[in-house]
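So you can see what is in the structure, the chains are spelled out below.
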Amino acid sequence: MTVLPYVVAAWLFLIGLYGIVTSRNLIHLVTCLAVTQSSTYLLLLAIGYQEDATAPIFGDIPMDAEVVDPVVQAMTLTDGVVSVTVSALLLALAVQTHKRAGTLDPNALRALRG
Amino acid sequence: MTELPALAVAVPLAGAAALVGGTLLKRRRLIDAVAVAVAAGVTVICALLLVESTRGPIVYWFGGWEPDNGLALGISFAIDPIGAGLALLAAGLATAALVFSWRYFDAIGGLYHVLLLVFLAGMVGFTLTGDLFNMFVFFELMGVSAFALTGYKVEESEPLQGALNFGVTNVIGAFLILTGLALLYGRTGVLNLAQLGAALQGTEADGLVVVAFVLLVAGFFIKSAMVPFHFWLADAYAVAPAPVCVLLSAVMSELGIYAIARVYWSVFEGALGGQAPGIRVVIVGIGVVTALIAAVMCFLQRRLKRILAFATMSHAGLFVVGVGLLTPAGLGGTAVYVVADALVKATLFLAIGILLHRYGSGDEYHLHGRGRELPWAGLLFVIGGLGLAGLPPLGTSLGKSLIQQEAALLGYSWMPAVFMVASAVTGAAVLRAAGRIFLGRGTRDDSVRTEDEDEETETSGGEGRTPLVMVVPAALFALLSFAPGLIPAFEHSTTEAAHRFQDRQAYQSAVLQGVSPPLPALVEQSSSPLKGLVSGVVSGVLAIGLALAALSWGRLPLALRRAASPLARVLSGLRNLHSGHIGDYVAWLTAGLAALGGMFALALR
Chain A
1 MTVLPYVVAA WLFLIGLYGI VTSRNLIHLV TCLAVTQSST YLLLLAIGYQ
51 EDATAPIFGD IPMDAEVVDP VVQAMTLTDG VVSVTVSALL LALAVQTHKR
101 AGTLDPNALR ALRG
Chain U
115 MTELPALAVA VPLAGAAALV GGTLLKRRRL IDAVAVAVAA GVTVICALLL
165 VESTRGPIVY WFGGWEPDNG LALGISFAID PIGAGLALLA AGLATAALVF
215 SWRYFDAIGG LYHVLLLVFL AGMVGFTLTG DLFNMFVFFE LMGVSAFALT
265 GYKVEESEPL QGALNFGVTN VIGAFLILTG LALLYGRTGV LNLAQLGAAL
315 QGTEADGLVV VAFVLLVAGF FIKSAMVPFH FWLADAYAVA PAPVCVLLSA
365 VMSELGIYAI ARVYWSVFEG ALGGQAPGIR VVIVGIGVVT ALIAAVMCFL
415 QRRLKRILAF ATMSHAGLFV VGVGLLTPAG LGGTAVYVVA DALVKATLFL
465 AIGILLHRYG SGDEYHLHGR GRELPWAGLL FVIGGLGLAG LPPLGTSLGK
515 SLIQQEAALL GYSWMPAVFM VASAVTGAAV LRAAGRIFLG RGTRDDSVRT
565 EDEDEETETS GGEGRTPLVM VVPAALFALL SFAPGLIPAF EHSTTEAAHR
615 FQDRQAYQSA VLQGVSPPLP ALVEQSSSPL KGLVSGVVSG VLAIGLALAA
665 LSWGRLPLAL RRAASPLARV LSGLRNLHSG HIGDYVAWLT AGLAALGGMF
715 ALALR
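Note that the protein sequences, when read in sequence, are chains A and U.
Using my numbering, the first residue of the first sequence is number 1, and each one after it goes up by one.
Using my numbering, the first residue of the second sequence is number 115, and each one after it goes up by one.
Since the hints were derived computationally from the structure, they do not count as laboratory data.
C-beta atoms are modelled at their ideal positions from N, C-alpha and C, and glycine is treated no differently.
It is possible that part of the hints are untrue.
What the hints assert, rightly or not - To spell it out: a stretch of chain U is covered by chain A in this simulated footprint if at least three of its residues, at any positions, have a beta carbon under 8 Å from a beta carbon of chain A; those stretches are:
#	stretch
1	246–254
2	263–269
3	276–290
4	686–697
To be verified - The list that follows gives simulated cross-link-like pairs (lysine to aspartate or glutamate, DMTMM-like), each with its CA atoms no further than 25 Å apart:
#	chain 1	residue 1	chain 2	residue 2
5	U	LYS140	U	GLU269
6	A	LYS99	U	GLU270
7	A	LYS99	U	GLU269
8	U	LYS645	U	ASP698
9	U	LYS140	U	GLU270
10	A	LYS99	U	GLU610
Claimed, not checked - Selected chain A positions facing chain U (in silico; Cβ < 7 Å):
#	residue
11	HIS28
12	LEU42
13	LEU43
14	ILE47
15	VAL82
16	VAL86
17	LEU93
18	VAL95
19	GLN96
20	ARG100
21	ARG110
Please construct the entire structure, taking both the sequences and the accompanying hints into account.
In structure tokens form, the structure reads like this:
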């Protein structure tokens, strides 16, 4: 087991946050949020991974075969569904913001202050 | 009866699904009626669950996947009185919000009702579940529906920005929770809360467990809007429709705090319990800072919903103090306070809704003196303001005094002062607005704050009379907010529930073995009601005094006003931090996460 996936997951999380903080465009911002989320996919899959193990589908492999953890895969899938919902909603809000305010730049969207 | 726990979530989801089809009919009243009936049904289910759970925890395994030799395989709901009580609160408030919405919006599609029911399902599931990943899923479910409800008025720019700020910060919070639970899963290989607790108890808390704890706490702090994770809250609550604000403010903020209590006592206490004093200092400290900063911000606002948003945040800080004491009495006092405060905030948000419906404005300066024709609405505001201040016999005074007593026992002898300031200042902000709107006191427009804020117009306003379906829920909540203080059994049963909530061994054996040990006899603590009464009266008087001072600011001696001017500069700096810029908020969030990690690393050395 290598630490590489964990390092990459941490990197993705931070680079996503950096993108959100410095973003000048809401579409870009929502995409950065998806980058941050992909760090959780990687983390989950890395936790369940085993060297030389196969996919956990017991159709044509022996019952005592070494398999990777199916629970984290199910969690990743659920996480992915959540991500699609959130991205769709936030993008819809971004599109609507562009229609109303004429801009997608968070620096120009300061209706809510103090 | 045995399937009741599943129904508590299935009914609102099925109702929402049915209403999606129903929206095609374009029969508004039918949709209203079905939505109210579904929410009322969920309320009844939650009430039954609450009654049942007082006899012992209810454990429900989905699909009949019961634990095998004490090893949890399936997904469970594990219901205790505190979880069921919060679910009941959510369902009751959702019902009232739907009744209120009946006449509140002129043109509103059925999707509003669908979203509200999904939101309800998310909140109910979140409070009842006994599984950490399940908790994350319900957290996201209630999050997504709440973002959509906040930005429901897509014709305007403000709700959209509020919803985006709300959405992005809370989704990052969900990622933190997911990362934390993934680490815990990597260590233990389980996700059931009871099983996690069993796996961690007696182990040395190493770096991984502490990091997981920090990530989960930070994620839930974002939901409950603790400083410096709080920026989204005022933006979201200021633009969400008033009936939605009732749910956001009275339940959703509190659920983040509930979740911290839940994961601490069911999962982490076995590994981190030895370092409880260090954890207590960090959590109580954050609660105190939030309570005070938010109280100041609350007093600086002129838009009614923003006043209440910061009041919500300030009081959430006080709840975090109560939970962060990490004792049964602290948690019990918090439970009393949460219920009482929820009723007060619900009253106030519905009262604001009534003003918005009638005048199309929720700004205390625009409404100056216009409320004279609505003395009964003024009464609602006064009850609400005094409720926030915690004046006896309102229920909030009881909850506040219970937490203060426990804090004093643990050596925080200055805590009553914090509670007094936070509750008096938030109460004063509401009373000041009430004085200006309903009595026409104070200046018409404040030269200090001339920035012309665009008024939200979720309703067209200009309604001649206020429909009964809007008055009744508000008045009902105002009356109910006296109940927690006047029913002695309420305090007793919440204390008992809090004791049981913190019994990790009993929770584990109920969930994993299916055996509920008999309840230990409750040691009655000698409470001193007189002390609580005095501090409640003092903060009530303080709130009234502050409100009067603010209303007659222009007539105060010039020297006094001059002396306050350096303060004004500090305050405007504080206001400017709340920039409405999403990048700023996420930067604060990241810094806060690092600071929280550092504090816990020091506290748990």
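Query - Violations among the numbered hints - result: When the structure is compared with the hints, numbers 8, 10, 11, 12 and 18 turn out to be violated.
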